[in-house]
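Residues per chain, in single letters:
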Amino acid sequence: DTAVSQTPKYLVTQMGNDKSIKCEQNLGHDTMYWYKQDSKKFLKIMFSYNNKELIINETVPNRFSPKSPDKAHLNLHINSLELGDSAVYFCASSQELGGAHTDTQYFGPGTRLTVL
Amino acid sequence: AQSVTQLGSHVSVSEGALVLLRCNYSSSVPPYLFWYVQYPNQGLQLLLKYTSAATLVKGINGFEAEFKKSETSFHLTKPSAHMSDAAEYFCAVSSNDYKLSFGAGTTVTVRA
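As you go down the protein sequences, you meet chains P and A in turn. -1 is the number of the first residue of the first sequence in my numbering; add one for each residue after it. 3 is the number of the first residue of the second sequence in my numbering; add one for each residue after it.
Quick caveat, the hints were computed from the structure, so don't treat them as lab data. Beta carbons: idealized from backbone N, C-alpha and C, even for Gly.
If you want a taste of the chain A side facing chain P, the calculated C-beta under 10 Å gives, among others: (1) F36; (2) Y38; (3) N43; (4) G45; (5) Y52; (6) Y100; (7) G105; (8) T109.
Start from the sequences, fold in the hints, and give me the full structure.
This is how it looks when you write it as structure tokens:
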């Protein structure tokens, strides 16, 4: 059983398009995250939601908009895609927000976005 | 703000040899530290974490790490490398603003 799942796994699109990545967790966790991993494998948090409330919003362009319809889902919508958006996007979840700093985050398999 | 620095972007070891991955942290408060592993084309998976309970932390797959406050380090070791240990390893620190900050990662290759 997949704990954190993402769709699609691969996404190839043209500049200027709008796309969405979906994430679902079946762990019953309260907190979900989006991370971006660049070509050098550097991993940086983008957003975090706790019980559908936006908690962390890093310096991310307004073209990126997370949406959490319920605490088991956190989707990422990207408008007007640019070449620099090409990366691997990971969804993650944890029981608590930052887990009182000690909680384990469980990661999805990633979505490789390529913008042409 | 808390941060971690991983020394060495790439480590190559022979099968059966010691694996040593270095991580130093910067924190003004007692840190909570993690090691995650990323196998090719997969998401990250927790290897182990330090939560101030014990300075020597044992994780999965034979890995362990020791928290040394005097050296601000949290190095990851495994006595005997296996081919399946080839992966990307990330050290991370949990910060006061509820963020998990990752190091740049260390790629481990294992030679037969």
